[in-house]
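There are 2 protein chains.
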Amino acid sequence: MALIVQKYGGTSVGTTERIVSVADKVIQAKMQGNDVVVVVSAMSGETNRLIELASEISAQPAAREMDVLVSTGEQVTIALLTMALNARGCPAISYTGSQVRILTDSMHSKARIKEIDGTRISRDLSSGRVVVVAGFQGMDGNGNITTLGRGGSDTSAVAIAAALKANECQIYTDVDGVYTTDPRVEPRARRLERITFEEMLEMASLGSKVLQIRAVEFAGKYNVPLRVLSSFTEGEGTLITYEEDGVEEARIAGIAFNRDEAKLTVLGVPDHPGAAHQILGPIGEANIEVDMIIQNVGRDGTTDFTFTVHRNDVQRAVEVLNKVANDLGAREVNSDDSIIKLSLVGVGMRSHAGIASNMFEILAKEGINIKMISTSEIKISVVIDEKYLELGVRALHDGFGLEKTA
Amino acid sequence: MALIVQKYGGTSVGTTERIVSVADKVIQAKMQGNDVVVVVSAMSGETNRLIELASEISAQPAAREMDVLVSTGEQVTIALLTMALNARGCPAISYTGSQVRILTDSMHSKARIKEIDGTRISRDLSSGRVVVVAGFQGMDGNGNITTLGRGGSDTSAVAIAAALKANECQIYTDVDGVYTTDPRVEPRARRLERITFEEMLEMASLGSKVLQIRAVEFAGKYNVPLRVLSSFTEGEGTLITYEEDGVEEARIAGIAFNRDEAKLTVLGVPDHPGAAHQILGPIGEANIEVDMIIQNVGRDGTTDFTFTVHRNDVQRAVEVLNKVANDLGAREVNSDDSIIKLSLVGVGMRSHAGIASNMFEILAKEGINIKMISTSEIKISVVIDEKYLELGVRALHDGFGLEKTA
Numbered sequence: 002m003a004l005i006v007q008k009y010g011g012t013s014v015g016t017t018e019r020i021v022s023v024a025d026k027v028i029q030a031k032m033q034g035n036d037v038v039v040v041v042s043a044m045s046g047e048t049n050r051l052i053e054l055a056s057e058i059s060a061q062p063a064a065r066e067m068d069v070l071v072s073t074g075e076q077v078t079i080a081l082l083t084m085a086l087n088a089r090g091c092p093a094i095s096y097t098g099s100q101v102r103i104l105t106d107s108m109h110s111k112a113r114i115k116e117i118d119g120t121r122i123s124r125d126l127s128s129g130r131v132v133v134v135a136g137f138q139g140m141d142g143n144g145n146i147t148t149l150g151r152g153g154s155d156t157s158a159v160a161i162a163a164a165l166k167a168n169e170c171q172i173y174t175d176v177d178g179v180y181t182t183d184p185r186v187e188p189r190a191r192r193l194e195r196i197t198f199e200e201m202l203e204m205a206s207l208g209s210k211v212l213q214i215r216a217v218e219f220a221g222k223y224n225v226p227l228r229v230l231s232s233f234t235e236g237e238g239t240l241i242t243y244e245e246d247g248v249e250e251a252r253i254a255g256i257a258f259n260r261d262e263a264k265l266t267v268l269g270v271p272d273h274p275g276a277a278h279q280i281l282g283p284i285g286e287a288n289i290e291v292d293m294i295i296q297n298v299g300r301d302g303t304t305d306f307t308f309t310v311h312r313n314d315v316q317r318a319v320e321v322l323n324k325v326a327n328d329l330g331a332r333e334v335n336s337d338d339s340i341i342k343l344s345l346v347g348v349g350m351r352s353h354a355g356i357a358s359n360m361f362e363i364l365a366k367e368g369i370n371i372k373m374i375s376t377s378e379i380k381i382s383v384v385i386d387e388k389y390l391e392l393g394v395r396a397l398h399d400g401f402g403l404e405k406t407a
Numbered sequence: 002m003a004l005i006v007q008k009y010g011g012t013s014v015g016t017t018e019r020i021v022s023v024a025d026k027v028i029q030a031k032m033q034g035n036d037v038v039v040v041v042s043a044m045s046g047e048t049n050r051l052i053e054l055a056s057e058i059s060a061q062p063a064a065r066e067m068d069v070l071v072s073t074g075e076q077v078t079i080a081l082l083t084m085a086l087n088a089r090g091c092p093a094i095s096y097t098g099s100q101v102r103i104l105t106d107s108m109h110s111k112a113r114i115k116e117i118d119g120t121r122i123s124r125d126l127s128s129g130r131v132v133v134v135a136g137f138q139g140m141d142g143n144g145n146i147t148t149l150g151r152g153g154s155d156t157s158a159v160a161i162a163a164a165l166k167a168n169e170c171q172i173y174t175d176v177d178g179v180y181t182t183d184p185r186v187e188p189r190a191r192r193l194e195r196i197t198f199e200e201m202l203e204m205a206s207l208g209s210k211v212l213q214i215r216a217v218e219f220a221g222k223y224n225v226p227l228r229v230l231s232s233f234t235e236g237e238g239t240l241i242t243y244e245e246d247g248v249e250e251a252r253i254a255g256i257a258f259n260r261d262e263a264k265l266t267v268l269g270v271p272d273h274p275g276a277a278h279q280i281l282g283p284i285g286e287a288n289i290e291v292d293m294i295i296q297n298v299g300r301d302g303t304t305d306f307t308f309t310v311h312r313n314d315v316q317r318a319v320e321v322l323n324k325v326a327n328d329l330g331a332r333e334v335n336s337d338d339s340i341i342k343l344s345l346v347g348v349g350m351r352s353h354a355g356i357a358s359n360m361f362e363i364l365a366k367e368g369i370n371i372k373m374i375s376t377s378e379i380k381i382s383v384v385i386d387e388k389y390l391e392l393g394v395r396a397l398h399d400g401f402g403l404e405k406t407a
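These protein sequences, in sequence, are chains A and B.
For any residue, its number in this note's numbering is found by taking its place in the first sequence, counting from 1, and adding 1.
For any residue, its number in this note's numbering is found by taking its place in the second sequence, counting from 1, and adding 1.
Calculated from the structure, these hints are not laboratory results.
Yeah, the Cβ is synthetic: ideal placement off N, Cα and C, and Gly gets one too.
Be aware that a few hints might be false.
Under 10 Å between C-beta atoms, here's a sample of chain A residues computed to sit facing chain B [as the list claims (entries may be wrong)]: (1) 61; (2) 74; (3) 85; (4) 121; (5) 123.
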């Protein structure tokens, strides 16, 4: 008998009909002989409704009170799902984050889980019950209600799975797994049967948003086998593993892309030690997050410094840089927000050389000019003109044979 | 400096605008130098919305899960009111019933308060905060969320006031106090400045529903001065006291009436010991509540037995009685649901004779026939034809001079 933690997001529990469907799925898992813990989010729309109420009252409500307010969303869902399970003859019991108890730090609205007491859940499971737990929320050491921040229900599920040493943590969502790339861009995109945690982290942070990054990190840290599946269709989904067995070949997991970045360049920076810090220091102070950074080798004693930021921050970044360029005696600042970032992700890169040059060759054949390159152990990212997004993704998907089962 | 517990019901916090008005009232009390604890209900309509969601899922949801569900209603209000207070510069903090902690028994949906730990509230009050507590809810010894049943927020407020030894518990509602009778029936009805707990209990149970009976009982038990006021208009409301000072005169508090009863009579019951029990036993077994009971002295060895029940129970009661009458050899059963009960309430009755005959005389002058009479220490009730309701109330109101200030 296995212990499974299932997590259903807001869309999956968005109406009472859907909650009843979730109950059916839970009972199915129970009937197969498993112990089941279910973690649920607020019904879709509910959190926004509550935030709207708060905004009618205060422009800057205290984070503690926002947590008291929005945590009611999941509390409604746990009660309704438990009723649905009971109505189908399945013994079940609900717990809020405080009741479980999911102990967090006191950082309201973005708390981190410190500890989960699994005693109560284990006792209920032993007595044959399904245990339904409110995701996204916890309690700090002083009994204050905390929330983990939006999407934190994934993290709750993984943390509970870790605490209970569950055999699998299943994240039910509105997609049926992790794909080699976005099927809207490349119709031949294929669902991956498995992906490693590291690949998943790279895929997630690059825009293929299926799971909360923190949840994936958490799962990796505690070796919790994680599976992404659809609430609405049958299927095996994608298993996220921490083992790399059977990926000896030059395996590429997929292609991620990000449309939200813009490129900034400071040209003709006098090439002396500390220039990079003098440029990025003020950017950081302005709370602008930087992604890729490239400093070209200097000619004639100057260097060109290029980096990417979120498109929303371009205006502010340019203002900061104009001042910095002036102080540094740099020649000019320019920005380009008609770019996208394309990334090839795969643990196979570790053991196989030549993947980068292979990638560049494929893009070159299509006449796509590469503006920036950045590499990590299991990822190669390039910045290209945004008009080449579809072409680039399809060429790489085809070039690396991603439509074929590994 | 006084400690005041204020309670605002669902209508008073029915919209975000009204919650802001409540914040203003709370701040007013605080500015007058008082420590203030506020107990709130769910926004009007919210509890029904939640019950409707549950009914879409299950015809008979478990009481434990209903409590988890509906308790979110007050949790939303405490967060919003605290935000409104903060936004006006008033330090405040919210607590759910579990957090306070309001310890109850485990009777879900109709739990009774066993104990309140005032430590946390007292500490917050000392630091200058207004404390906002969710009414209607608590926690049992195992950490399960419980509710006190509809209207239980009044009880929460009184219980907190008792635990903190508050100087006054103010119940804000949509009426501005307790009246000598229903102003819709007698426009000259007058707001009472004070009423005793016992009178209030009689008035409340007889249909002048302003306060939860349990809250009044609780307040009486712990000698908590209780005041009923309007959320929407200024005014002193009605103070409910447990002292009877200054009511030496033949004081009548008011006139209550009840339209919901029906009269049943078993005629020609052979007059032997045990007949009353033989009649009322089966009625009790059928879960029918009996209010007034009268057994007339028998003639020719038989007696007539009359009592009142709720109108909804008449059909069932007649069925039970027909069988009973048959067994007993009684002559006949008849029922009358075109009656009402009229009650004169006042602690002055204790020390003053003649009030009953005075009452009967006033009714007789108007040609109103009395069908049943029942008396208690501070109340005289009569059953009359329902068509005489308005006439009877006005005649008594005038006859006892209730429009004049005591």
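Evaluated hints:
no.: 1; hint: 61; in the structure: holds (8 Å)
no.: 2; hint: 74; in the structure: holds (8 Å)
no.: 3; hint: 85; in the structure: holds (5 Å)
no.: 4; hint: 121; in the structure: holds (8 Å)
no.: 5; hint: 123; in the structure: violated (16 Å)
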